[in-house]
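K.L.:
Sequence:
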Amino acid sequence: MKIARFAVYANLAVRLAQVLSDENNWFFNLTFVVMTYGLCLTVLLATFTVRQAAGSADAVTCTSVIKLMSAKHSSRLHSHDIKYGSGSGQQSVTGTSVLTDSNSYWIVLPAHQETCIRGEEVKCGSVIRLGHLNTKCLLHSHLFKSPLSGSQEVSCFGKTFLGDTGDNWKVICDGDVWSRKHVVSFEHVDTGNFLGMTGNKYGRPIHGQHEVCALSSPSENSRWKTAEGVYFTKPRKYS
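Using UniProt numbering, the letters of the sequence shown correspond one by one to residues 1 to 239.
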């Protein structure tokens, strides 16, 4: 089991190293250079202590790579290079129960045209974007209808983590910062709807995956918890 988990995290390390070294991603501090094998070693340790990776403060932080799990359905927020057959025709977003799927990793990014410091705590009420690690698009919503429930569609939009204001989500949580221990919600800034997962499931080619959509009001279906991930802290300042 631990070997299989290491293989998944090692693949994540390679993908993350590629993203962090991409000069087209202006929002990263390019002085933060991570060699792939060094990061693999770090992630190997994370397979055993992943929930302590961010140190003593259990905060979700800017540029951390996370999985989000529906508090009701226990499936991870997921995307893949499969387009919707209706609505916008953009890349689909679903929920999967497969724990080891690397297509469920998302990078916590600042709001559209904003910046943040790597490892900076995400405060409750702040606006973020969620970038899909493998395909480099952004969690997005708009006024198209979702395929199964007829709610508001959620898609993955943009290229190389560049999109528009439809990618902005407000973090709704208790306390000062988004804690990995607490359940949170995400309000879509442009439309006021809430990121949710329904009990509806797709057929082929994504058989058994849950519908993800934006709900008009908060409910049990719009509550999320952080799951697996790599959580960064702020670089230390040395005198």
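In case anyone wonders, no lab produced these hints; they're calculated from the structure. Heads up, a few of these hints could be off.
[Stated by the list, open to error] Label pairs and their calculated CB-CB ranges: (1) D101 to V183: 21 to 27 Å; (2) T160 to I117: 17 to 23 Å; (3) S97 to D190: 26 to 32 Å; (4) D101 to D190: 17 to 23 Å; (5) L148 to R236: 20 to 26 Å; (6) V183 to G150: 36 to 42 Å.
[As the list claims (entries may be wrong)] In silico PhoX-like links for lysine-lysine, alpha-carbon gap of 20 Å or less: (7) K225 to K72; (8) K170 to K83; (9) K145 to K83; (10) K123 to K234; (11) K181 to K72; (12) K123 to K201; (13) K67 to K145; (14) K181 to K67; (15) K145 to K181; (16) K159 to K136; (17) K225 to K159; (18) K181 to K123; (19) K201 to K72; (20) K123 to K170; (21) K83 to K159; (22) K123 to K67.
Beta carbons are placed, not taken as given, at the ideal position from N, Cα and C, and that holds for glycine.
K.L.:
Look at each hint and say if it fits the structure.
P.N.:
Status of the hints after comparison with the structure:
For D101 and V183, the Cβ-Cβ distance of about 22 Å falls inside the hinted range of 21 to 27 Å, so the restraint holds. Remark: the range hint 17 to 23 Å for T160 to I117 is upheld by a beta-carbon distance near 21 Å. Roughly 30 Å separates the CB atoms of S97 and D190, a value that falls within the hinted 26 to 32 Å. Judged by the Cβ atoms, the range 17 to 23 Å given for D101 and D190 is violated: they are separated by roughly 29 Å.
At about 47 Å, the beta-carbon gap between L148 and R236 misses the expected band of 20 to 26 Å. About 26 Å separates the C-beta atoms of V183 and G150, a value inconsistent with the hinted range of 36 to 42 Å. This hinted pair checks out: K225 and K72 have alpha carbons roughly 10 Å apart, not beyond 20 Å. Restraint check for K170 and K83: not satisfied, since their Cα atoms lie roughly 25 Å apart, outside the 20 Å limit.
For the proposed pair K145 and K83, the alpha carbon gap of about 14 Å is at most 20 Å, so the pair holds. With a CA separation close to 14 Å, the supplied pair K123 and K234 stays within the 20 Å bound. For the suggested pair K181 and K72, the alpha carbons sit about 16 Å apart, so the restraint of at most 20 Å is met. Note on K123 and K201: the hinted pairing is violated, with a Cα-Cα distance of about 33 Å set against a maximum of 20 Å.
Restraint check for K67 and K145: not satisfied, since their Cα atoms lie roughly 25 Å apart, outside the 20 Å limit. Between K181 and K67 the alpha-carbon distance is near 14 Å, which keeps this suggested pair within the 20 Å criterion. Straight-line distance between C-alpha atoms of K145 and K181 comes to about 32 Å, which puts the hinted pair past the 20 Å bound. Among the hinted pairs, K159 with K136 is consistent with the structure: their alpha-carbon atoms are about 6 Å apart, no more than 20 Å.
Our distance criterion of 20 Å between C-alpha atoms is broken by K225 and K159, whose separation comes to about 26 Å. Using a Cα cut-off of 20 Å, the hinted pair K181 and K123 holds, with the two alpha carbons roughly 14 Å apart. Taking the CA atoms of K201 and K72, the gap is near 14 Å; set against the 20 Å cutoff, the hint holds. With a C-alpha separation of about 10 Å, the suggested pairing of K123 with K170 holds against the 20 Å cut-off.
Of the pairs offered as hints, the one joining K83 and K159 holds, with about 15 Å between alpha carbons and a cut-off of 20 Å not exceeded. A distance of roughly 18 Å separates the Cα atoms of K123 and K67; the hinted pair therefore holds under the 20 Å criterion.
Of the numbered hints stated above, those contradicted by the structure are hints 4, 5, 6, 8, 12, 13, 15 and 17, listed in ascending order.
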